[in-house]
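Chemist: Each chain, written out:
Number of protein chains: 2
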Amino acid sequence: LDQGRISEAGGKIAGLHAADLADLIEQIGPDLRGPLIDLLRPSFDAEIFAYLSQSLREVVLDQLEPKELAAAVAELESDDAIDLIEDLDAHQQREILDNLPPETRAVVEEGLTFPEDSAGRLMSRDLVSVPQFWTVGKTLDYLRTEADALPEDFYDVFIVDSMRRVVGAVPVSRVMRQKRSVRLADILTEDIRTVQAITDQEEVAFLFRQYGLVSAPVVDSAGRLLGVITVDDVVDVIDEEAEDDLLKLSGVPDTDIYRAVLDTTRSRFSWLFVNLLTAILASGVISMFETTIQHIVALAVLMPIVASMGGNAGTQTLTVAVRALAMRELSEANAMRVVAKEALIGTINGALFAVIVGVVAGLWFEDRLIGIVIGIAMIVNLFIAGLCGTLIPLGLARLKIDPAVASTVFLTTVTDVVGFFAFLGLAALILM
Amino acid sequence: LDQGRISEAGGKIAGLHAADLADLIEQIGPDLRGPLIDLLRPSFDAEIFAYLSQSLREVVLDQLEPKELAAAVAELESDDAIDLIEDLDAHQQREILDNLPPETRAVVEEGLTFPEDSAGRLMSRDLVSVPQFWTVGKTLDYLRTEADALPEDFYDVFIVDSMRRVVGAVPVSRVMRQKRSVRLADILTEDIRTVQAITDQEEVAFLFRQYGLVSAPVVDSAGRLLGVITVDDVVDVIDEEAEDDLLKLSGVPDTDIYRAVLDTTRSRFSWLFVNLLTAILASGVISMFETTIQHIVALAVLMPIVASMGGNAGTQTLTVAVRALAMRELSEANAMRVVAKEALIGTINGALFAVIVGVVAGLWFEDRLIGIVIGIAMIVNLFIAGLCGTLIPLGLARLKIDPAVASTVFLTTVTDVVGFFAFLGLAALILM
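Which chain is which? The protein sequence lines are A and B, in order. Going letter by letter, the first sequence gives residues 93 to 524 in the working numbering. Going letter by letter, the second sequence gives residues 93 to 524 in the working numbering.
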């Protein structure tokens, strides 16, 4: 797809799914995006936004007129519209809201009153609810006659009491198979899990995963039915959540590969800066032993091995602990068992590598004592790595700090400092 | 919950969801698991297995008699039963299969013929399909009269031709609202995405995510309908997939925090061993400059800074690239743009840190030249880190090797070797 052929591409583009169009916008070069968006402009499908990365959303939004945008947004389901509008600045929000049909506008504005990343923003308002005293027959008649006011396709009928509080749900297939005289109250599933509108989306994802839910009604603080969350809405949240852990552990604020160079550079700078401070601290430890190194230069050659093995063993433990915390497999109940276990694993691997590295170093520099020194330092550092790889994320979690964000820096500081100090300190004691 | 109170806990346990029981089994100490399982034994809910980690599944399986197990498995839906049985060894599989009712057994055995991690293993066979020439009325009668042979709750009616090939789907809510005389062929949704039974589950997860699917029919190579996958089955796959990237990048074969100490130690050993070889290689580079270090011991103090900054900047880039490859945001189409961008980002950050570190090092050791040397080495290493952070995973992906597994080792080898070589080499050239 190049500049010359973009106009004849119009025909092919018309048949594509919004997700594929979003991919196309993302993967063609920046200079072709303008013409491509012009091609899509006459009947811009706002669903494309749902599949675009954040930075490209902004690029596309800037190219569309507020009216075109409002027309496109009006076609979206309420949860998708909110998802799009919530990230805009106040001025842009106002412009789009003003151009929306009053009804859509009211729904979107109500949605925006819920906290960001809450169930209230995630839920769809398109649902079917009926009173608990209705019969199957009355429900069927209602569904047939009110078809226009109800969502096009739906899977569950929610049953509410006179205060609109949820008392249960009945899948459509079950309503259909019962005799008309059966009361809904007799066939409903009571054991459904409701979600408060202000619940954080990570908590929602946990509930869906924990109980294998397909859908869950969302209620206000008085238990009144507001909307419904289905598992497909939760898939994005689960994706984000897992990605968050991965990125934060590696010190990347976001993976948006379409972001501009300078933005990306700036966002990564701060993590590298913190790491620089850590590295300087480790250098400070080394400089305490300058004279020792000057006498035995082999120490300078070998010292990165101790630090690097500690860092790697610690990262293994840390990753497991951070993930287990996120999946709620690691809790107060088993914390001490896990810490003890990881410290033990560190010590065993430390002992194994002490032998290997000790022999290699002893032969390399023809000095048995240097082998013994690096061996002991290895055991100490891998024990500390196992201990801190669990204690640091547990400690941060208890302080309500996201362990994925800060753990790596703390851990590598510890393994570098302990690694250099144990090795060089022992060398100064034993070899000098 | 301790030894003494476990018997009186029976009453409380009875009301718990299988997922919560699984959590309980996981989080109590190993010595209490036996009594707890005995408590659950009389009516063991096989759904608990679906929520247990792999290593604890085996522990629990070993405690149950084959007959108890078969009775529990017979209660499961076919996809859950397959998920449980597929991980057992051949002998255990046979024992359970022999004790299953013939019908369940046939379904499970058929499921096991599909490759591991394929759509065929993921799908459920509980679905409703009707011929395309039927009317709404005939369909409704069929659903009511054949209720016993059909799944209890279902959301879509699949429409098949005379060869049982899928031609479309109609949500139950839509069937119900139409007049009896309407033909299904006129109201079906044709634009549904079917999945081949042998398709890998990661590909399935990609389809669901890409197109926001709620369910998809699974077909054989001739297009005949075999089963259905719903989005809740895919949630686990998405979880696994994201977790896989995280773990592999950190060199952890699995996160199972309930695994025994020696198993875990062994599984982590090999990654650490590969890292040891890398570290020794880096030490080899340092030893080339032993005389230089002996003359200017400041080099030993400062050299870990260059290597560590390169490793961290490289890891940032690598994580973004591996994740983008997994999410299919990085492809042949934009590979070179992303590589160039990351190399540029590395160079810019390299220049910024060159100034900071150069000034710090120059002041610390009262030698401007040492500041200049470390500055240049920093730019070189962060440029290489950006370049290799993208080229390594791209190269592995092209060789059909999972980039998450091997990238980190290659990358840190490069940033360590380049970091030490650039810094010490320049120092030997300029300072000696």
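Each hint should be verified, as a subset may be incorrect.
As the list claims (entries may be wrong) - Here's a subset of chain A near chain B, in silico, CB distances under 8 Å, partners left out:
| hint | residue |
| --- | --- |
| 1 | T205 |
| 2 | E208 |
| 3 | D209 |
| 4 | S210 |
| 5 | D233 |
| 6 | L235 |
| 7 | A241 |
| 8 | V264 |
| 9 | M268 |
| 10 | I330 |
| 11 | L339 |
| 12 | I378 |
| 13 | V389 |
| 14 | P396 |
| 15 | N404 |
| 16 | K433 |
If you are wondering where the hints come from, they were derived from the structure by calculation, not from laboratory data. Glycine residues also receive a C-beta, built at the ideal position from the N, C-alpha and C atoms.
Chemist: State for each hint whether it applies.
Modeler: Cross-check of the supplied hints:
Residue-level restraint check for A:T205 is violated (minimum Cβ-Cβ distance to chain B is 26 Å; threshold 8 Å). Interface hint at A:E208: violated, since its Cβ lies 21 Å from the closest Cβ of chain B, which is beyond the 8 Å cut-off. A least Cβ separation of about 18 Å between A:D209 and chain B goes past the 8 Å threshold, and the interface hint is therefore violated. Checking A:S210 against chain B: minimum C-beta separation of about 20 Å lies over 8 Å; hint violated.
Against a cut-off of 8 Å between C-beta atoms, the interface hint on A:D233 is violated, since the closest Cβ of chain B lies about 11 Å away. Annotation: A:L235 was flagged as interfacial toward chain B, and the flag holds, the nearest CB pair being 6 Å apart, inside 8 Å. A cut of 8 Å between beta carbons decides the hint on A:A241: the least distance to chain B is about 12 Å, and the hint is violated. For A:V264, the interface hint holds, the least distance from its beta-carbon to any beta-carbon of chain B being 5 Å, beneath 8 Å.
For A:M268, the interface hint holds, since its Cβ comes within 8 Å of a Cβ in chain B; the closest pair sits about 5 Å apart. The restraint placing A:I330 at the interface with chain B holds, with a minimum CB-CB distance near 6 Å, inside the 8 Å limit. Satisfaction of the interface hint for A:L339 is found here, the shortest Cβ-Cβ separation to chain B being roughly 6 Å, below the 8 Å cut-off. Nearest Cβ of chain B to the Cβ of A:I378: about 5 Å, under the 8 Å cut. The hint holds.
Given hint, A:V389 at the interface with chain B, holds; its Cβ is 5 Å from that chain's nearest Cβ, closer than 8 Å. Taken as an interface hint, A:P396 checks out: its beta carbon lies about 6 Å from the nearest beta carbon of chain B, inside 8 Å. The interface hint given for A:N404 holds, since its Cβ lies 5 Å from the closest Cβ of chain B, which is under the 8 Å cut-off. About 6 Å separates the beta-carbon of A:K433 from the nearest beta-carbon of chain B, less than 8 Å, and the hint is met.
Against the hints set out earlier in the document, violations occur for numbers 1, 2, 3, 4, 5, 7.
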